[in-house]
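Chains as they are written, first to last, in this note's numbering: chain Z, 675 to 1011; chain D, 675 to 1011; chain X, 675 to 1011; chain L, 675 to 1011; chain P, 675 to 1011; chain U, 675 to 1011.
Treat the hints as calculated values from the structure; they're not laboratory data.
These figures come from a predicted structure and were not determined experimentally.
Each hint should be verified, as a subset may be incorrect.
Per the computed footprint, the stretches of chain P lying under chain Z, defined by three or more beta-carbons under 8 Å from a beta-carbon of chain Z, are [claimed, not checked]:
#1 889–902
#2 933–939
#3 945–953
#4 987–995
Simulated restraints, written as ranges between beta carbons of each label pair [to be verified]:
#5 L/Arg913 - X/Ala717: 55 to 61 Å
#6 P/Ala718 - U/Gly893: 32 to 38 Å
#7 L/Asp785 - X/Ser904: 45 to 51 Å
#8 D/Asp905 - U/Asp887: 39 to 45 Å
#9 P/Leu850 - L/Thr1009: 54 to 60 Å
#10 U/Gly882 - P/Ser793: 45 to 51 Å
#11 P/Gly829 - Z/Arg913: 37 to 43 Å
#12 L/Thr923 - X/Gln845: 43 to 49 Å
#13 D/Gly1007 - L/Arg913: 27 to 33 Å
#14 Z/Pro908 - U/Ala718: 52 to 58 Å
Glycine is no exception: its CB is placed at the ideal position from the N, C-alpha and C atoms.
Number of protein chains: 6
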Amino acid sequence: MTDAAPRRELPAGYQEQLDQGYAFGSVLTFAQRPLLTSVEQLAAWQPDVAVVGAPFDLGTTNRPGARFGPRALRTLVYNSGTYHLGYGIEIFEHIEVVDHGDVFCPHGQVDASLANIRSTVHDIASRGIVPFTIGGDHTVTWPAATAVADVHGFGNVGIVHFDAHADTADQIDGNLASHGTPMRRLIESGAIPGRNFVQVGLRSYWPGRDVWDWMAAQGMRWHLMDEIWSDGFPTVLDRAVAEALEGPTKLYLSIDIDSLDPAYAPGTGTPEPGGIVAADLLRAVRRLAERFDIVGMDVVEVSPPYDHADCTVNVANRLFMECLAGLAAKRAGLTAR
Amino acid sequence: MTDAAPRRELPAGYQEQLDQGYAFGSVLTFAQRPLLTSVEQLAAWQPDVAVVGAPFDLGTTNRPGARFGPRALRTLVYNSGTYHLGYGIEIFEHIEVVDHGDVFCPHGQVDASLANIRSTVHDIASRGIVPFTIGGDHTVTWPAATAVADVHGFGNVGIVHFDAHADTADQIDGNLASHGTPMRRLIESGAIPGRNFVQVGLRSYWPGRDVWDWMAAQGMRWHLMDEIWSDGFPTVLDRAVAEALEGPTKLYLSIDIDSLDPAYAPGTGTPEPGGIVAADLLRAVRRLAERFDIVGMDVVEVSPPYDHADCTVNVANRLFMECLAGLAAKRAGLTAR
Amino acid sequence: MTDAAPRRELPAGYQEQLDQGYAFGSVLTFAQRPLLTSVEQLAAWQPDVAVVGAPFDLGTTNRPGARFGPRALRTLVYNSGTYHLGYGIEIFEHIEVVDHGDVFCPHGQVDASLANIRSTVHDIASRGIVPFTIGGDHTVTWPAATAVADVHGFGNVGIVHFDAHADTADQIDGNLASHGTPMRRLIESGAIPGRNFVQVGLRSYWPGRDVWDWMAAQGMRWHLMDEIWSDGFPTVLDRAVAEALEGPTKLYLSIDIDSLDPAYAPGTGTPEPGGIVAADLLRAVRRLAERFDIVGMDVVEVSPPYDHADCTVNVANRLFMECLAGLAAKRAGLTAR
Amino acid sequence: MTDAAPRRELPAGYQEQLDQGYAFGSVLTFAQRPLLTSVEQLAAWQPDVAVVGAPFDLGTTNRPGARFGPRALRTLVYNSGTYHLGYGIEIFEHIEVVDHGDVFCPHGQVDASLANIRSTVHDIASRGIVPFTIGGDHTVTWPAATAVADVHGFGNVGIVHFDAHADTADQIDGNLASHGTPMRRLIESGAIPGRNFVQVGLRSYWPGRDVWDWMAAQGMRWHLMDEIWSDGFPTVLDRAVAEALEGPTKLYLSIDIDSLDPAYAPGTGTPEPGGIVAADLLRAVRRLAERFDIVGMDVVEVSPPYDHADCTVNVANRLFMECLAGLAAKRAGLTAR
Amino acid sequence: MTDAAPRRELPAGYQEQLDQGYAFGSVLTFAQRPLLTSVEQLAAWQPDVAVVGAPFDLGTTNRPGARFGPRALRTLVYNSGTYHLGYGIEIFEHIEVVDHGDVFCPHGQVDASLANIRSTVHDIASRGIVPFTIGGDHTVTWPAATAVADVHGFGNVGIVHFDAHADTADQIDGNLASHGTPMRRLIESGAIPGRNFVQVGLRSYWPGRDVWDWMAAQGMRWHLMDEIWSDGFPTVLDRAVAEALEGPTKLYLSIDIDSLDPAYAPGTGTPEPGGIVAADLLRAVRRLAERFDIVGMDVVEVSPPYDHADCTVNVANRLFMECLAGLAAKRAGLTAR
Amino acid sequence: MTDAAPRRELPAGYQEQLDQGYAFGSVLTFAQRPLLTSVEQLAAWQPDVAVVGAPFDLGTTNRPGARFGPRALRTLVYNSGTYHLGYGIEIFEHIEVVDHGDVFCPHGQVDASLANIRSTVHDIASRGIVPFTIGGDHTVTWPAATAVADVHGFGNVGIVHFDAHADTADQIDGNLASHGTPMRRLIESGAIPGRNFVQVGLRSYWPGRDVWDWMAAQGMRWHLMDEIWSDGFPTVLDRAVAEALEGPTKLYLSIDIDSLDPAYAPGTGTPEPGGIVAADLLRAVRRLAERFDIVGMDVVEVSPPYDHADCTVNVANRLFMECLAGLAAKRAGLTAR
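Starting from the given sequences, assemble the full structure and let the hints guide the process.
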């Protein structure tokens, strides 16, 4: 990692401001990482991970607001440091992470927004950088994961998808680009094989039987909350990742924040009681990052207008942070308890 | 008004529930009016006014949530009665008002939603019923006012438009169906003559010079808050309605709730400090309804997720109620102080 | 179930609106079920379950607001569908459920309100329909469970009562119809035998010793949170239901939402930290419905003014839904994991 | 005023704590005045004014919560000092004010609560102390003003009543002790003559014609918001007080916080847009206290669960404070601008 | 315990008001205990425990507001009684507890505030009374625990410290009296031996390696959330207390409310997802109080402006209450399940 | 204005992101102006105005949170454009404005924070750039206005100070650097002559007589809200500015957001009902900027934790924007209505 040159391009005083995090400082980027908004900068800097916002919520069927997810993860989150207690490492000594800003998602324009997301995530992934996408609603996983599969090859990527809902409808009220349909699109296109698309945390009363039949026909596997309550989260997680990587070697993580119980994540559009405990999910992403080849990740459906005291924003941030910690540990050759 | 027959079609017990308004009752319609959701019912009943919801907020450039405006005006409003203290009349003894339910606005689908709004409002207006549209964002005025002009004739309808913003952009970020563009569409199509499109309450820092030039070229007239603070609201109102009816005899009222100061209406997407005092606007709509030929009205941009204690929802309800009171007074031959 | 005739009595367009649930639709009933507010309609339709609101909160000793519980469960809940993932069934293909509206609970009038609740629930239960009562504060269980016992016979019904508090005081500040006293009334009257009145989830510092002595003297059984944390919720649940049905064959479920930890249900009047995990309670009601003869259920003490992002409202809705799912499964001969 | 002896009865350290107001101090009384909860203490101390809480909200027809009004005015208010800028006096150098605690209003028990309020206010007034009652809902004015009339003589007291609603219904849903009926009770009993019962700020759509006819028959006078907007608040205030004191020489002020526009007082149960500006009402009470013989006052309908940032609580506090300032000025022989 | 004399010093009527707790009463003290604000009163009364507020939040690095913690625990908490269900005892029949009011913490003045806290806690502890300190931010543990060690002897007191963060930095941004540094100060001064300073619940990404090295060099022991999730809270608790009492016989408990998961305690300044379950911590403090010699306790970092529905305030109150219950049980010779 | 060179130093892609303001964009600076955080950049760019944040709230006597004022004005504000409707100009075509980031205000450290503010504002002002300071609490006006007077000469600057409170105490609870004392410090030091220190909007009950005596002795002039309500805001404004510029030719504006009525600005620490109408203050700052020589401005006491729907944040932003509009108009030779 040779970053001397690009760092010189930062505005003077920028680094000093980053260093004043405890003083309610003015530079607001993901985890106070450098903000490199151009592809050229990204190419020159060559980080390990680039975080990018996808402020799109036109696919929401209930409460909107996820358009403000990226902004909230930059500004309202509590940044408590960069040292990982479990691993005993400074995360950013082992991996380089930058904030690539937001994809341009013009209001009211579904096609343009999704095209831009796909294009930007492709720009990142094709340079060997792992894209972390901040939603936005779950529709954004369609272009984001497609772009990752474009780079790594259709069929080479498995997905572990944490969610209260399957999001595999063909359409909802005629909408093919709904937040209830992205997984259908990814499987239909061949980007992700159905049998490597594994869902964890499902509950609620949706979708209907025909959709479940379609899912089964694709070879999809899913793990209801009932299974988690009965067998424990770690056990179910191991099953899920094994299924996702039956064939593919690369792993994409898609986390709908509503996979968590609303007690942990009230600020979301379609909350479902009875969900995952936050600590379980935090440990899960760390564990997966530490052991497998993560090629992309997204955390979606954080809706700040419905959040309280930034609980949801903070846990979304920590999901990214634990994944980064796992990546750092992997590089450092460490394993957490 | 002969409504005996249609009323028999209401579910048994429905009227009793309506009569139990003070007991936190279960039937939730606009102002506890009968709910007639089919065009056939509407045609049979033949009310004076039909209230219809347009739960659409895909045109918002900032904070969303107006999709829940219609629901909130049915459920969260405080319904304090039906007798108008200023006129000394029971409003609904003089005019018949029904709730026509919501237009189907499928999520994420701009064209279908706007087409449905236009079609439904046309259904209402073409039967001689005055449509009152509950937004939804301001985009809905495009189809709603177009439908009214379809029925009454292009060029025969003037609009008094209360708003913080002109909403006359050609496009925003490429979007022609934005909540910042509906007035442009209405004038371009000829539905409403530019010189009869009169705006009241403008402030803020938008749009740019080219748009103001276009507006002037159309003969549009507008009244900034500065004029209101200097000359008083009633004076400006009289100027505005005179301009709107230079030619046309029919009047359409479009009220963006953000025309009010955020102190009165915090629950909106693009709040602008320095706006109209609620009491002024309430008295204005009553006065206009009492004196002119109202052929349609909308109140838009109520965003419940950003409201507090239903302040915004309640004032939006009262804007409709004062208009109804004015219509009732007109029929009763009364004039308020 | 032959419902063709009654359905014809619904207003035209009503069903279409129900079908537009994802479009932020206008008809707001429990779980978008048909609204049949008259006893005659109910008798004609003959559903399996009728949901009825009891908007009464005059018995609250601390924070009020439960009067708006029924309204919130109709309007603010997120309705995510009707297919049960665990059972793999469409719930409403197996059982017919309607919304019977609200009991008339005139403000400030305790006796009239409670009499109306008893009368309405009796109307439902006496027709072989299972009443599901949405509170309101816990006082409503007194008339509601009495009505059920009236129909099925005093002594033939056992209750499993989930709550942070025993609600067995003789009086509070002289009030016999407080939300802290309904269980005393039910046992004193003989409606429910003391030894079949089983409480789960108790904690806090109330009531005093004399009340616990009285409870023991009635043969009541109770299960503190301590027992749940030590032995696990399923084990305690099995103990409780066995005790409730020592003799009786019919089961009534009374759920105070404050049995849940405030993390899951902040919107309530007398919150007690250290409570039940939402997922445990959701699975419990499903399990009980699937295996036993449920003759009535209530979920009470949801206070929307103290809720956030509708967390409490949603979990209350899901408690009813899981019970309905269990009833449907029972009829379909299914057992969940 | 000789208060040396009673002050010695305060707990040691109490006064020191009162003096630490800026340090987020622990003793929480109205305006940090001494807390004298027994009648004996009151009699010994003999203050000019005693503030008493009436935590009763069983008369509310819509949003409850006013039971917490007294508590909020003691704990959440911002106490900014005791010097009146307009008069240039230390208020409490000229009048002695104490906090008499709360009337015991047992939950769910209307009659006992109202009897206790009447008894306590009578205890105060009969000792020559002016009672200031913190509501609670508007029902409390019935016993509070009756007690004052008991002491000063039926017919000797006029009332200026600031409110959005007339509160003169005979009953609501059968309830004679509703917050919509207290003024009826006061006039029916002869406590306050109808022609000296003057209402300011009325608006909304309630009650119906028969009630207005009854009011007229009693000789009542009322001043709608329309009159205020047209003629100005000071003019209308002068008219109102002149009417209230046509005969009586003593004045009671009853202020429903919903007389203010919801922008100033969102935390209330039955908000009506288009109300009084806070500054107008604050100046009004000061002016009346400075010039007339105030024998009692209440501020009611503050509902903290619906307040934001304590806006409503603070303005309610200032209404009492401005009245106290006027009383102090009167004693000091001063007149404000 | 002979308290007849001191009780006579309470204002007349005070006890009656305390007894009216259910009626939304006016006297607001911790758990409705007597308020004795002078050291003389405390000395005369000689309670077992004195609760004292430390309204100081000048040490916060992120969200402030803990200055209102003591006020909120007096006024917003739901007091549900005094009988402990698990032990079957009236808590206050076995131990005497008073509210000593607040330490004077003058705004903006760190040194004076901390000196006052140390002095007041010393006043309490030196009279054989156990001080319970309500924060305020965590800085207050520095003077509070020092005062306890002053009384019991440096080296004779062990601490179990529940927190998300270690709070052992040398300084933050040059601040030695930050809420991130108190534990460093306590160990540096010798007040508490490093090896008897045991931390439970740590997580997050702070502090950096040099601080952890320093901690290890002091012999400190800490237990990450990972250990708790793996081994169970009771097991980890037993380890922690054994370490804290390797040598010392007296135990001080310091509870940062952010040790809890934000789902249970959103109202805090530096929230960390993935924390302790409220029920576990409640049971822990009871267990420790029941078995060991508690010489002091604090609950800190409750920030009411960020709380919702008083969830955080209530759980903080219950942490004190469970400790009191344990102390009472110990005296009564009881052991909970 | 030659800014070509400095602009080339911005990170690539930065300008594109700024241009995507409607797309919920990622770069968050004041009014989307360039962020130049070093003095060198500032010197090279040489803007007309530099906005700087002072995230300091250690001087607050009541509710804290103003430390987050600068962040909120960058991230939560609704940026509606840059064209001024009243003047008909693009504001930033006439003046160059940049965001200089935040002053480093280390937590808990009053002296260091205030020294840094003075130093940074001096850096700005001494280069001929007008400093606009975003508070932070009102303490920050002490160093900020001192720095401006340092540059322009003690005695050469007059202040118009909008506030509910005089902030002229000598000390509060021993604190000389309180938010209740900055004006005392400025006059004592001679930075601003007492007779040119003019206060507008005062109300409340603070400070006491001795302070008012001191103020009079300094020749200070103040204008109570009573005067504003009687004579109108524009008249009082003209009086105030004439007094401030009796001698000095340069004008500094200090705006405590609590000068506004809490209806317009609930998010503040010490709210006082009865304040200025937002529109009046907005027009005032524009008018002053248009006509006089503004050498500095601050808007302070915005406390986001107590704000709702960003009402307070938005109006604070507009106060700066209207001042900028006035400056632009002055340069363009325009006068608003």
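Outcome of the hint check:
no.	hint	verdict
1	889–902	holds (count 4)
2	933–939	holds (count 3)
3	945–953	holds (count 5)
4	987–995	violated (count 0)
5	L/Arg913 - X/Ala717: 55 to 61 Å	holds, 59 Å
6	P/Ala718 - U/Gly893: 32 to 38 Å	violated, 54 Å
7	L/Asp785 - X/Ser904: 45 to 51 Å	holds, 47 Å
8	D/Asp905 - U/Asp887: 39 to 45 Å	holds, 43 Å
9	P/Leu850 - L/Thr1009: 54 to 60 Å	holds, 56 Å
10	U/Gly882 - P/Ser793: 45 to 51 Å	violated, 28 Å
11	P/Gly829 - Z/Arg913: 37 to 43 Å	violated, 52 Å
12	L/Thr923 - X/Gln845: 43 to 49 Å	holds, 46 Å
13	D/Gly1007 - L/Arg913: 27 to 33 Å	holds, 29 Å
14	Z/Pro908 - U/Ala718: 52 to 58 Å	holds, 57 Å
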